[in-house]
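Keeping their order, the protein sequence lines are chains A and B.
Using our numbering, the first residue of the first sequence is number 3, and each one after it goes up by one.
Using our numbering, the first residue of the second sequence is number 26, and each one after it goes up by one.
Among the hints, erroneous ones may be present.
[What the hints assert, rightly or not] Computed, partial: chain A to chain B, Cβ under 8 Å:
| # | residue |
| --- | --- |
| 1 | L92 |
| 2 | P110 |
| 3 | G111 |
[As the list claims (entries may be wrong)] Just the calculated beta-carbon pair ranges, DEER-fashion:
| # | chain 1 | residue 1 | chain 2 | residue 2 | range |
| --- | --- | --- | --- | --- | --- |
| 4 | B | G34 | A | K15 | 31 to 39 Å |
| 5 | A | K15 | B | E70 | 24 to 32 Å |
| 6 | B | A42 | A | E84 | 39 to 47 Å |
| 7 | B | K81 | A | K15 | 39 to 47 Å |
| 8 | A | S72 | B | G84 | 33 to 41 Å |
| 9 | B | G79 | A | L117 | 42 to 50 Å |
| 10 | A | L115 | B | S77 | 38 to 46 Å |
[What the hints assert, rightly or not] A few chain B residues that don't get close to chain A, going by computed Cβ distances all over 12 Å:
| # | residue |
| --- | --- |
| 11 | V38 |
| 12 | P39 |
| 13 | V44 |
| 14 | T49 |
| 15 | G79 |
| 16 | E82 |
| 17 | T87 |
| 18 | S107 |
| 19 | D108 |
| 20 | S109 |
| 21 | V134 |
It is worth saying that the hints were derived from the structure and are not from the lab.
Predicted, not measured: the structure shown is a model, and the values here were computed from it.
Every residue, glycine too, gets a C-beta built ideally from N, C-alpha and C.
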Amino acid sequence: KAGVTQTPRYLIKTRGQQVTLSCSPISGHRSVSWYQQTPGQGLQFLFEYFSETQRNKGNFPGRFSGRQFSNSRSEMNVSTLELGDSALYLCASSNPGQGHTGTQYFGPGTRLLVL
Amino acid sequence: QKEVEQDPGPLSVPEGAIVSLNCTYSNSAFQYFMWYRQYSRKGPELLMYTYSSGNKEDGRFTAQVDKSSKYISLFIRDSQPSDSATYLCATGDQAGTALIFGKGTTLSVSS
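Bound conformation, chain B alone:
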């Protein structure tokens, strides 16, 4: 079993839709959870960072972590064409080291 599983998609939605992106992980020691957005031929850009369980909201983005089910989610409200990118979930058990990434979900938002 891979440490972090993420559906690669692709996921296609119309502009304005609510998007749900999800990952599961296997190691209960993981405490740090992140979502990165990566545009084509660019480096990953940090979107959301969560420590332990709970929700975190930033503008149109909401990150959720459920440690009991080892499930992490990213919700995007009022999706825009500029949100079209690959979204990567990442997790780790120590601050600042050895992040383990999902393989990424490719999202396309059409206008």
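In isolation and in its complexed conformation, chain A is listed as follows:
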């Protein structure tokens, strides 16, 4: 099975711009979670989508949003970028209810640099 894929892998933006990141989960996985990883804060949960619905949300401002499509692919959007949004954005997929319930498999991440 192919793993979780994320595009683009690298991105450079300037303050005030917006950005959209994409994630394709492992085939058959219906849950997609997004995390932000920075050297100072580590890995922090952004939100989780399951069957096109946001099921859980972390403590991030409303500038961070996401959505999930019927094929389970997900996108996250960050509007009005700030310097502090520079981070590695990771997507993880899982299939709650089967096999390793609760196990999340991560993609390689999108490294975002805000100048």
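Assemble the complex: chain A is given as a structure, and chain B must be docked to it using the hints.
Quick look at chain B alone, frame taken from chain A:
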């Protein structure tokens, strides 16, 4: 108090050593415990997954969960230079959602 505490290291050991990595957590509702390995500029890779208390072994890796003391451990036997990476513990109270991570321990195994 942070929900998951993990010593960031760095931890340096010679090849062949036994490595012990540890985390503590604060919320007794957590039931799912995982260890991830992350190489530089890569996404985290799942190493071990444990539900509730007990031990789990997979090759050179052993994960232990002690819910009474809220303590989780990962042991690596016969460590190899390829084990050099950052190890992240993670936990959560519901299947498949909102994992809470430690900040990671950086391990270096020298040959």
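Hints broken by the structure, by number, lowest first? none
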